[in-house]
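Spelled out from the first residue to the last, the chains are:
4 protein chains.
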Amino acid sequence: MQVALVGITGYAGMVLYQLLRQHPAVDEIHLYDHKLIQNEKLSEMVPAFYSDDTAVQPYDPDAIMADNQLVFFATSAGVTSKLSQPYIKADFPVIDLSGDLRLNDEAQYQRWYHKPSAPAQALNQAYYGLADFHSAHGQNYVANPGCYATATLLGLAPLVKLDLIDPDSIIVDAKSGTSGAGKKPAQSTHFTQANDNLQIYKPNQHQHIPEIMLELQRWNGDVKAIEFMTTLIPITRGIMSTIYAKVKPGVDAAKIDEAYHQIYDDKLFVHYSGEHLPDIKQVVGTNNCHIGVVYNPTTHTVMADSVIDNLLKGAAGQAVQNFNQMFNYQESSGLELQTFLP
Amino acid sequence: MQVALVGITGYAGMVLYQLLRQHPAVDEIHLYDHKLIQNEKLSEMVPAFYSDDTAVQPYDPDAIMADNQLVFFATSAGVTSKLSQPYIKADFPVIDLSGDLRLNDEAQYQRWYHKPSAPAQALNQAYYGLADFHSAHGQNYVANPGCYATATLLGLAPLVKLDLIDPDSIIVDAKSGTSGAGKKPAQSTHFTQANDNLQIYKPNQHQHIPEIMLELQRWNGDVKAIEFMTTLIPITRGIMSTIYAKVKPGVDAAKIDEAYHQIYDDKLFVHYSGEHLPDIKQVVGTNNCHIGVVYNPTTHTVMADSVIDNLLKGAAGQAVQNFNQMFNYQESSGLELQTFLP
Amino acid sequence: MQVALVGITGYAGMVLYQLLRQHPAVDEIHLYDHKLIQNEKLSEMVPAFYSDDTAVQPYDPDAIMADNQLVFFATSAGVTSKLSQPYIKADFPVIDLSGDLRLNDEAQYQRWYHKPSAPAQALNQAYYGLADFHSAHGQNYVANPGCYATATLLGLAPLVKLDLIDPDSIIVDAKSGTSGAGKKPAQSTHFTQANDNLQIYKPNQHQHIPEIMLELQRWNGDVKAIEFMTTLIPITRGIMSTIYAKVKPGVDAAKIDEAYHQIYDDKLFVHYSGEHLPDIKQVVGTNNCHIGVVYNPTTHTVMADSVIDNLLKGAAGQAVQNFNQMFNYQESSGLELQTFLP
Amino acid sequence: MQVALVGITGYAGMVLYQLLRQHPAVDEIHLYDHKLIQNEKLSEMVPAFYSDDTAVQPYDPDAIMADNQLVFFATSAGVTSKLSQPYIKADFPVIDLSGDLRLNDEAQYQRWYHKPSAPAQALNQAYYGLADFHSAHGQNYVANPGCYATATLLGLAPLVKLDLIDPDSIIVDAKSGTSGAGKKPAQSTHFTQANDNLQIYKPNQHQHIPEIMLELQRWNGDVKAIEFMTTLIPITRGIMSTIYAKVKPGVDAAKIDEAYHQIYDDKLFVHYSGEHLPDIKQVVGTNNCHIGVVYNPTTHTVMADSVIDNLLKGAAGQAVQNFNQMFNYQESSGLELQTFLP
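Chains as they are written, first to last, in the working numbering: chain E, 670 to 1011; chain X, 670 to 1011; chain Z, 670 to 1011; chain H, 670 to 1011.
For the record, the hints were derived by calculation from the structure and aren't laboratory data.
Quick caveat, the model's predicted, so the values are computed rather than measured.
Take these hints with a grain of salt, some might be off.
In this list, chains with the same sequence are indistinguishable; a pair is considered to hold if it fits within one copy or across any two.
[Said to hold, decoys possible] Under the rule of at most 27 Å between Cα atoms (straight-line distance), these lysine-lysine pairs were calculated in the BS3-like manner: (1) Lys917 to Lys871; (2) Lys936 to Lys710; (3) Lys853 to Lys871; (4) Lys871 to Lys710; (5) Lys893 to Lys924; (6) Lys924 to Lys871; (7) Lys924 to Lys704; (8) Lys830 to Lys853; (9) Lys853 to Lys924; (10) Lys917 to Lys893; (11) Lys710 to Lys893; (12) Lys784 to Lys871; (13) Lys924 to Lys830; (14) Lys936 to Lys751; (15) Lys917 to Lys710.
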């Protein structure tokens, strides 16, 4: 199996490349970059890989389809929205880690991403690959979910699917490390600014909100909106999504516990730990999501603490999980990772 | 003016000592420690002050009252609860930075602090010194508020006092740096564990909850309970209290904005910045609380972002503010501090 | 192959356990703890492994030898010095990650470790397993090198072995993250103290100095002493050993470069990168040592920058490397790790 | 007293502005920026000062000289080199925090700063204001020393001035926090890259080397060169300069101790602490330099640990110290700062 990877210079691409190098079914990884006009060495393009002289090739869809059986895009928003045609036409397998194919409506994309969307045909064709809930087998055009979306949807799923909460009461206080903001240097992720600091950003405006809403509404049409805050935390990797909701009358701690068990006991990569509230270190380095839940009978509020590694389960790891599903590989292929402890 | 300080070995005591050294009305600071049986040099007791050979004296209430006009206690919970008698009897001014005098009920203290409370007389005598809302002038026995309590109460005050929110809907997602957990080493604050991590702790069990409830109920009897989560963040100093509530019918962004202006425009140490959401660096090194507020009309939810330096406004700074009020000094005496930027 | 691991509660033990779980030749890992008197669950003993209910058994040398083919000790200094007898007597394979067997002289151990040494017989029997330089094959009693020692020896080897430097001029300015200081909480590794700080400790007194000297003298008898400073850095994992020495007359940049190539070009886990100076992130998560070297012709000084992950190459990784050598497994078995990027 | 400040958008300018606001002799601070063409509010230009609406004016030397008695430049290298003429001509007091006036040779500047130097006249006119060693009184054109230079020169002074060390043996392993690298975002100071990392940069090429050499040679002509390494550390503020040198025959610990006492016992802002090795937290927030020294008789090597706050003693604090000297204010005016503890 030969796979193509476009976008090795970003964090998600770097991590995906490392995963694919250890994937038992992947024989060769071909790297492409849409800014190149001739081959360049990986060691020159990404200093962190200074001992790896693999060639990075200019982006060329024909070459990609000729030399590979699938292409991963780990590019920024706004790139794959313009590149969909040849792959759709050829029905060639794509996994896109950017947000470009996650929404199904051109106007919505424009509103949240502030740039033109992919053509409607591409948006309609795309499949939202929340890998722990539905299999990408049979899909050829997979939109890999966003990091905040993954942590939040996995934390909310039992409550929403089993209709345990007031659908108007969902509040998400999500925290992310700086690698989630990408590799391009900026004031907010300058060490001097980010260190010893907490910074709320994009209040109720984060571009992962609409993909969360789409999936929640597939699960339960009563959910019309959520409150969604994102805070930048001085850590490199990891997301904690702290989720609050009022329960419906008659719901108690036992019913909530049962719901999480029901939904997650058979899922390989989601671990429900009851009232044990996971910290971020529990999952960094792995494709796991850990979830702890506390119910407060005085306020009738359930709090779910859902943690993931934003670059693995929130990006490259889930992409490999989707890849495994598409090609019927074992679910854990290439994902037998150990928590990065301590 | 001579002042006594008991508890120089903890973080709040260290910071308070530094503030008092620069206070224009304070001529001498006498240090006492209840673990000593003879004088010891500060440089020996607190390595961080290795160039300061000031004597630390054994704790002795008679000596304290003879040589000073006021005593600050910057001791752990469970210390001042046992030491109240002589000061109350002598009507000698006390400012207590611990939680021992903040509640007015013995059973409540026992429940939240897991140790015996101060005598009922002491609890009743004590005055809760939330310095930006009521003056400690005329008070002799001041309980200095907790750090989480200060950030949360200041963030909530306009909403609760002016009755803008559903009293059953308050959710507080509060984040604190490690200095709030005290100087005693522990697994959760070990650098190896705290770095690159977020750790939720004491869910709905933090001991600052009851003092918040007491003050909220003084402001608005309709508030019966709050959801209160505390997360340990890898920063040294600072608290961000992110507060969510559903507004009452008819309340909109303009009314909320007006309320914050009404309550805070004349307050020296509280700065309301509208929709500009303050980060923690804005206040570290100062006695200020900065508050930004965003209203989401879709979810009818108001979010307030309230930040303080936990060791200043959340401890030593507010103690000096109470001290200034008690003795009718200028409000900013000893508190003309600059934000620790960048 | 069954292996025993004593000391799962410390950082090196935790990481070793994770490596062994993925080692293709290891069928079962039996955990033992010398503080237990009956079996306990790993999830109870080490909260970080809360989803792993593997039994930890009380320490019992007979059981260990009956049920396993080798024992790893990842215990603190002072433990294995008392436990050597049964294994030596039975000629049972041991890999000891503590410092107890690294020196060959009882008085030296006592001087640097401030506690009684292992019996002389054990010290003499022990083999110093600097795995990139000599194979542990045929050895049964292996002392795994210290983290600072590994980074420093690998950085110095070409200069010392090929006699390129003035033997009296070696200065090592070594920096370590806090995980090197162990899991027991202490003031110096309290987040509040370690964060935003650099702390020099044990100047010229670090217990890894004598094992470095022993190995250097095996390589080149002219080296009589080194200057060795250790600084605690606010990072979780990683060591950078910055090494300075005056070169001998006639030595220039080309000769130095040639020496590093000569020594390291065929070594799997040591990567010499010429004048590219590796940062710590290059090696964290792997068993690699990366070394960059700059020669300053004005000061006749060579500077080597040697970086490792203190818990892998500096502890558990090198232990697995020694294990592979002892049992003739492939050198990279269980060590095909990816750099933890970004 | 009215003072002008050019360069409020950088870190040194931000800190200098805060110091000047509390300086008892400064009545007004006028802000200027050479990128403006009309007035702008400080709150707009520097988000960290969002509650300060002070006007920032376009750069205009005539206005500056008309409205002020002195101008501080806190601009990047390459700015003041072009702006010297009007001030020199008018003999108007200047304190320049950039490196543009620190060297006395055009070619040297060009070599180390990679840009054209100030005119020779300006270089000759400029006075190197190492404030703890010589007074700027009577000087009108002051080059404020660099941060690395200050920490290193203060650490070395007693050894070099009193001729205690082999002049060819000086090795400086200097570590700096990210604020020293300036406010402009870059890959090396991106939080994701800098956190959990150590990065050596500009080996023997740092632009502070030539100013260090100039001052050392004024003190002791035998010093011809130094080895000088700079490592970027994941902290916001602070420099630790770890200095090594071989002593001359006959020099021992007592003589070294005596030398440091002789040089520093009467200096207000330099604190020599003997064998107590200061950590960075001891000085952050102050204009102090703390120095600890350990002599190793086995290697005949002295190690000095010199720490400063790079933005205060290494920039804005020393600028105020020079200002105080120029105008005969008390040495500590505006610099009565407390260590930022814990």
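Right, here's what the structure says about each hint:
no.: 1; hint: Lys917 to Lys871; verdict: between (30 Å within a copy, 25 Å between copies)
no.: 2; hint: Lys936 to Lys710; verdict: between (40 Å within a copy, 23 Å between copies)
no.: 3; hint: Lys853 to Lys871; verdict: both (18 Å within a copy, 22 Å between copies)
no.: 4; hint: Lys871 to Lys710; verdict: between (37 Å within a copy, 24 Å between copies)
no.: 5; hint: Lys893 to Lys924; verdict: both (24 Å within a copy, 25 Å between copies)
no.: 6; hint: Lys924 to Lys871; verdict: between (34 Å within a copy, 22 Å between copies)
no.: 7; hint: Lys924 to Lys704; verdict: neither (53 Å within a copy, 40 Å between copies)
no.: 8; hint: Lys830 to Lys853; verdict: neither (38 Å within a copy, 44 Å between copies)
no.: 9; hint: Lys853 to Lys924; verdict: neither (45 Å within a copy, 39 Å between copies)
no.: 10; hint: Lys917 to Lys893; verdict: both (16 Å within a copy, 19 Å between copies)
no.: 11; hint: Lys710 to Lys893; verdict: neither (49 Å within a copy, 42 Å between copies)
no.: 12; hint: Lys784 to Lys871; verdict: within (17 Å within a copy, 40 Å between copies)
no.: 13; hint: Lys924 to Lys830; verdict: within (13 Å within a copy, 36 Å between copies)
no.: 14; hint: Lys936 to Lys751; verdict: neither (35 Å within a copy, 46 Å between copies)
no.: 15; hint: Lys917 to Lys710; verdict: neither (58 Å within a copy, 37 Å between copies)
In this structure, the earlier hints numbered 7, 8, 9, 11, 14, 15 are contradicted, and the remaining ones agree with it.
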